[in-house]
Amino acid sequence: MPSVEILSRIQFAFTVAFHYIYPPLSIGLGLCLVIMEGIYLKTGLLVYRDITRFWIKIFALIFGIGVATGIVMEFEFGTNWATYSHYVGDIFGSALAAEGIFAFALESGFLGILLFGWNRVSKGVHFFSTIMVALGSIFSALWIVIANSWQQTPAGFKIEGYDLGARAVVTDFWEMVFNPSSVDRFSHVIIGAFLAGSFLVMSVGAWYILKGRYIKHSQAMFKVGLSVAVVAALLQLFTGHRSADYVSKYQPAKLAAMEGHYDSLAVADMYIVGWVDNKNEKTTGIKIPGGLSFLTHGSFSAPVEGLRATPQADRPGAVNFVFQTYHAMVAIGITLIGLTLLALILLWRKQLFNHRWLMWIFVLAVLLPQMANQLGWYAAEVGRQPWVVYKLLRTSDALSRKVTADQVLFSLILFTFVYVLLFALFLFLLNRKISHGPDVTEDEETDSEHFSKRNIANIPS
Amino acid sequence: METLLGLDLPTWWFLVIGGLITGYGVLDGFDLGAGALHLFFNKEESRRLALNAIGPVWDGNEVWLVIAGGALFAGFPLVYGVLFSTFYIPFMLFLVSLIFRAISIEFRSKEPWAWWRKMWDISYCVSSIFITFLLGLVLGNLIHGLPINKEHEFTGNLLTFFNPYAILIAFTTLSLFMLHGAIYLVMKTENRLYAKLTVLVNNCSKFFILCFILTSMATLIYVPHMTQAFKHHPELFILPLIAVLTLLNIKRNIDGRRYFIAFLFSAIIMSCLLILFAIGLYPNIIISSTDPAHSISIYAAASSNKSLKIMLLIAAIGTPLVISYTVFVFWTFRGKVKLNEMSY
Chain F
51 MPSVEILSRI QFAFTVAFHY IYPPLSIGLG LCLVIMEGIY LKTGLLVYRD
101 ITRFWIKIFA LIFGIGVATG IVMEFEFGTN WATYSHYVGD IFGSALAAEG
151 IFAFALESGF LGILLFGWNR VSKGVHFFST IMVALGSIFS ALWIVIANSW
201 QQTPAGFKIE GYDLGARAVV TDFWEMVFNP SSVDRFSHVI IGAFLAGSFL
251 VMSVGAWYIL KGRYIKHSQA MFKVGLSVAV VAALLQLFTG HRSADYVSKY
301 QPAKLAAMEG HYDSLAVADM YIVGWVDNKN EKTTGIKIPG GLSFLTHGSF
351 SAPVEGLRAT PQADRPGAVN FVFQTYHAMV AIGITLIGLT LLALILLWRK
401 QLFNHRWLMW IFVLAVLLPQ MANQLGWYAA EVGRQPWVVY KLLRTSDALS
451 RKVTADQVLF SLILFTFVYV LLFALFLFLL NRKISHGPDV TEDEETDSEH
501 FSKRNIANIP S
Chain X
18 METLLGLDLP TWWFLVIGGL ITGYGVLDGF DLGAGALHLF FNKEESRRLA
68 LNAIGPVWDG NEVWLVIAGG ALFAGFPLVY GVLFSTFYIP FMLFLVSLIF
118 RAISIEFRSK EPWAWWRKMW DISYCVSSIF ITFLLGLVLG NLIHGLPINK
168 EHEFTGNLLT FFNPYAILIA FTTLSLFMLH GAIYLVMKTE NRLYAKLTVL
218 VNNCSKFFIL CFILTSMATL IYVPHMTQAF KHHPELFILP LIAVLTLLNI
268 KRNIDGRRYF IAFLFSAIIM SCLLILFAIG LYPNIIISST DPAHSISIYA
318 AASSNKSLKI MLLIAAIGTP LVISYTVFVF WTFRGKVKLN EMSY
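Listed in order, the protein sequences are those of chains F and X. Each residue of the first sequence is one higher than the last, beginning at 51 in our numbering. Each residue of the second sequence is one higher than the last, beginning at 18 in our numbering.
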């Protein structure tokens, strides 16, 4: 049987990866909902009220699964990683407590009003609740990313005790919160989430356009999604660069793994595509010579610290995995920029909704930001191995000492079974919701001038 | 040791966690109880009404558990690690039950098919009972004490958790949540469902009184360490006295159909019992049944004073906010439930 360490890592990776399908969607949808309902309040166009209501229902579905799978994450620290919990509790705990009290309570409290409050509160209060739910979901990402960033670039702490009784203790709260990577990583994560949510909105909008259903509604939602996506895709280029920058400064071994760069101090290349042979410490592929040197130091001839600078035991083992996930993420990011800019230009020329092939691409493109979000985390988390707290606590030392392999195997099988079921149900219900579509309020007079049917090529007669 | 208003910081944080767990019991207690009673309602409309009575608030209630878990992690990381890795299997089952309960509430109304709704009704009811039972089981084991050695390692096995005392506490928890949930539902419903619930409330209160008496006797006989504090502080005897008076008051108010007051009293009795539990534990959090010297005290488990001070500040800022919007949400959805197109 595999060791407790391997099983616990698989379980954590599996449960967190599954969980991470949902929060980015909630965060991105939250922003889209604020925009939709804001437009409705400003213009009074019923189309926007219809699509707000429609997306709130989908939001509730996604949010529900996100909360249910998120509670698992919180308790898994204690069940499987008791030594880690003791080590980081003083630091991680305050972030988690702040998340619970400032973020979860906010979003869960106001979600009730969002869902059931249409007839109970005024339009203004409902809009306020929408904003609170959206803010709550962003805050929860904030605190979780701060905690994770602290593990990548620890700051504002001291170590007390030794061996298995050792723990990190806060010395400066703000230094801990604003550790060297938290701002860059938070912005990168949150914009990734905006992309995930906005692409879901566009995907559904594009699907209705292709099917010739809900002409006004589909155009409205597509435009809301696109306005978020185009800004987010461009900003992501910037935050991505900032994140790479901090990695190069604070986690050189991770950066070296991302580009498969082994030589200790040499000019580093940047690969477009490639393959890493970790055994022989060789990387092959199509590359920009000196590209990584340029990116990190602004010069094509500057030396960059390679993997060999770090002892074998202290650097990630799965170099090719980090390389591939990182490159795939970057490739997707660039694709998203191209896609959203193309859509924007066509929208400006009033041709966007005529291009069926592009609409098909947008229907499928919902998967791209999801994949990029997942892949980015894989690269970040595998790339920092073998450390769970960088250069301080090894993943293998972080386990619960009394938990046995059969216990973890039992829970792993249990979660696999439950999550597969959950995912199937999620897809089934999402599909049903989408085919049911928004409940349309007929009000032709006010809306007709805003949505010209001439833009549509295939109107069912 | 640094103190604040005469109490040291670990004690303050012990009180914060106690407050959060009490808040969780009082709030999620009624929706878990409502879930446990769900299959007693036969008609589709009754089930929808019962579900929508907790609809806008259950999620917010569950957050108290998340906050309490976070607070335990933050303030007493040692206990968090020991507790959760010790109760590995029960906690995994607990988490799966939480997932099933959440999706049952969320998914049930999404399709009109009878088999679909029935499936989620059963899943909702069973998971609510499971969650309550497991919470009670953990509580019972904490009262009773766990076989913990000097290295804070658990030396028992899975069967250790299922000792008769813990099972009794689990049933008591279930009966109290069911009573609490039934009172809540009777406040929120009208007509035929209301009539049905008035009978149910009566039965629940009888079930709880029986459990209460058994638990009191078992605790006095088998768990002497829980009552030790009373020997040194006889003034604390007022608490069990309040609990008994409250219990009688619940019965009286249910008979008089003053359900809101009965609801307040069932919240008070829950708080009383948890305060008694906290007094029995203090200054320990995990009592070792192997040797009292191996028990984990709040001082051994606490985070640094600096961290505790930061978190007390966070709690001081956050708690009024949480309470204010909890009150706002409950106020928004006051009165009897009505079904509309956005309902579950």
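It is worth saying that the hints were derived from the structure and are not from the lab. Values in this document were obtained by computation on a predicted structure and should not be read as measured data. We put the CB at the ideal spot given by N, CA and C, even for glycine. Any given hint could turn out to be false.
Unchecked claim - From the derived model, a few chain X residues whose C-beta atoms are all more than 10 Å from chain F:
{"no.": "1", "residue": "V43"}
{"no.": "2", "residue": "I106"}
{"no.": "3", "residue": "S360"}
Claimed, not checked - Here's a subset of chain X near chain F, in silico, CB distances under 8 Å, partners left out:
{"no.": "4", "residue": "S126"}
{"no.": "5", "residue": "K127"}
{"no.": "6", "residue": "W130"}
{"no.": "7", "residue": "G173"}
{"no.": "8", "residue": "K248"}
{"no.": "9", "residue": "H249"}
{"no.": "10", "residue": "L253"}
{"no.": "11", "residue": "T349"}
Fill in: Those earlier numbered hints the structure runs against, lowest number first
Structure breaks hints 2, 3, 4, 6, 7, 8, 9, 10.
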